[in-house]
Amino acid sequence: MPKPRTLFDKIWDAHVIAPQGEGTYLIYIDLHLIHEVTTPQAFEGLKLAGRGVRRPDKTIAVADHNIPTTNRAAGVAGIDEPDSLLQVQTLERNVKEFGVPYFPITSLDQGIVHVIGPEQGLSQPGMTIVCGDSHTATHGAMGALAFGIGTSEVEHVLATQTLIQAPAKNMLIKVEGGLGTGVSPKDVILAIIAKIGTAGGTGHVFEYAGSTFRDMSMEGRMTVCNMSIEAGARAGLVAPDDKTFAYMMGRPYAPKGAAWEQALAFWRTLPSDPGSTYDKEAHLSAADIAPHVTWGTNPEMAAPVTGRVPDPAQIDDPLRRAAVERALQYMQLSPNTRLEDVPVQRVFIGSCTNSRIEDLRAAAAIAQGRKVADGVTALVVPGSGHVKHQAEEEGLDRIFLEAGFEWRDAGCSMCMSMNNDKAMNGERVATTSNRNFEGRQGKNAKSHLMGPAMAAAAAVTGKLSDVRQLG
Amino acid sequence: MEKFTQLTGVAAPLPIVNLDTDKIFPAIYLKTIKRTGLAQWLFQEIRFRPDGSENPDFVLNQAPYRHAKILIGADNFGCGSSREHAPWALLDFGIRCVIAPSFADIFYNNCFKNGILPIAVPKEVCDELMEDAKKGANAVMSIDLESQTISRPDGEKVHFELDAFRKHCLLNGLDDIGLTEAKNADISSYEGKAQLERPWQFGLTQKASA
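Those protein sequence lines, which keep their order, are chains B and Z. Each number in this note's numbering comes from the position in the first sequence (counting from 1) with 963 added on. Each number in this note's numbering comes from the position in the second sequence (counting from 1) with 49 added on.
Rather than coming from a laboratory, the hints here were simulated on the basis of the structure. Quantities reported herein were computed from a predicted structural model and do not represent experimental measurements. Fair warning: there could be bad hints in the mix.
[What the hints assert, rightly or not] Below, in silico cross-link-like pairs of lysine to aspartate or glutamate (EDC-like), each with a Cα-Cα straight-line distance of 20 Å or less: (1) Z/K232 with B/D1279; (2) Z/K184 with Z/E205; (3) B/K1010 with Z/D224; (4) Z/K83 with B/E1060; (5) Z/K83 with B/E1007; (6) Z/K216 with Z/D193; (7) B/K1219 with B/D1242.
When you get a sec, could you build the whole thing from the sequences and use the hints?
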């Protein structure tokens, strides 16, 4: 009897072109997503070597990191920052020169690269998907092997549609049970990272399994897979199921008619075989997961919002203690402070982690009938033109605006503050993004990661708050 | 890519666990469209004070380490963003080798593409090298890739592991794309087979306007 194979094993095996020496293989890439920040040097490399793009039909480009979230109708001319403008113009010139399909920034199709892949039906089960961005793991929610790569590898994929890779190990992340009231997929992934650490998944691909993920919406699975890299795993997958297929059906780039039936038959073969074994496992119970916030400067530094800032004096390992001391100094937090007593000055609802329609609905449900607290600036940045449009159809924009939130155009925005959206003067931020690293959201910005309803709760109370108390 | 055979130079201690690539190269400078000249922004937030002057407490601002060629780091070195600007900036500063107990996968990969050798050694060994690196001008180490050894300042040799393919590419300064292009027949034959098995994945993105 053949050895049972995991979802990862099956996708890997189907994409090996040839062995490439000891332990490494040449693998085929089915979809390459590119954006303005990590491609200029790759296209320059192609030009210098006289190479072309091998498969423009498997490549799609969009500008997301660097673009303003206001005045979108002005198009590229509306980008007032010269370096950002140059980067977007460079992308537009390159896609034209190399014949790569592109969603222009004035198009409804434009959005954060990891939002539009699934939204358009481009990201499909069983594919290998890469992008010069570490949050490419998001597409694993579709049952695809999706991972971030550097710019040299972007150039390699553009030129050859392949990558030289060593196979990852398998790690099972199993969570069972229903989520409590006010507990979101973001809390699930923050709890997982807090448990296994920022390097807990290094060298591994996660497979998220168990009833919690089975019952989770596709968008919730995207939030979870998105942050796999924050636990060190380059990719995280959820087995495709009927929910996946229902999500795919009818999307612009999804197969249609006979091709749909053929694709569906293939997709159904992908889930891990019974009896599959994993190199590593982590098990959590959904009942134990409360709404989480981070208190430090990496995503493993997270705790239930009802908890307190930890005391470094309780940590034995000297380097880890130094890291927590440094984090608390940067965050200007004292040990044992109640997290619910920490005030915020800025709120960001958006990013490839939490900018989809369900995220905006969850935030709007808290914002409705309330007001953003005095002294707080709150931004809502939808993940794509279509998400924005849908939210406006549902009247969510009115709810946010009436509550005093700003309602913006799609882009990465304050997740890493490459555009004009950033925390000023070391403000403390409640953010739905994925990284609370020092300086990421602005100089000396103090970032607290959390889910969208929790961020809305922080906006209306002016401090870190337990969304369950707002009802 | 420049070959890596042997390297001798000062090793700088950087005992920060989970050192992320945002810290190595802040996002705000990712607007560059070049891959050279990036050392000016290396470790920007911790290397410079708010007024732009050097932070004298940061190791690479201290005399013997200004010309460091080797970094001794801590666990999970290079975690976070996939930005290759991090190794580009290290290289531009003059760093050709990073030694740590463990690395984040993407950073580790990116180093090899740029002629930088990342060496993972057991934590006990790294602790000793970290102590060596604190010896200032005497923190001189040598790396020999062929024999896979690190020579400590006292002359003691430490062996390290590395996969044979990456070693071969570094030793010879090989360009991955060139290697892969030599397998063009294999790629085309794979594409032919894949197109029969998964035809819906071909021509996939053509609907968008070019």
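Each hint, compared with the structure:
Under the criterion of a C-alpha separation no larger than 20 Å, the hint pairing Z/K232 with B/D1279 is inconsistent with the structure, at around 52 Å. Proposed proximity of Z/K184 and Z/E205 is supported: the alpha carbons are some 16 Å apart, at most 20 Å. Of the pairs offered as hints, the one joining B/K1010 and Z/D224 holds, with about 15 Å between alpha carbons and a cut-off of 20 Å not exceeded. The suggested pairing of Z/K83 with B/E1060 holds, with an alpha-carbon distance near 19 Å, which does not exceed 20 Å.
Restraint check for Z/K83 and B/E1007: the C-alpha separation of about 9 Å stays at or below 20 Å, so the hint holds. Between Z/K216 and Z/D193, the direct Cα distance comes to roughly 11 Å. Compliance with the 20 Å bound is thereby established for this hinted pair. Of the supplied pair hints, the one linking B/K1219 and B/D1242 is violated, its CA atoms being roughly 38 Å apart against a limit of 20 Å.
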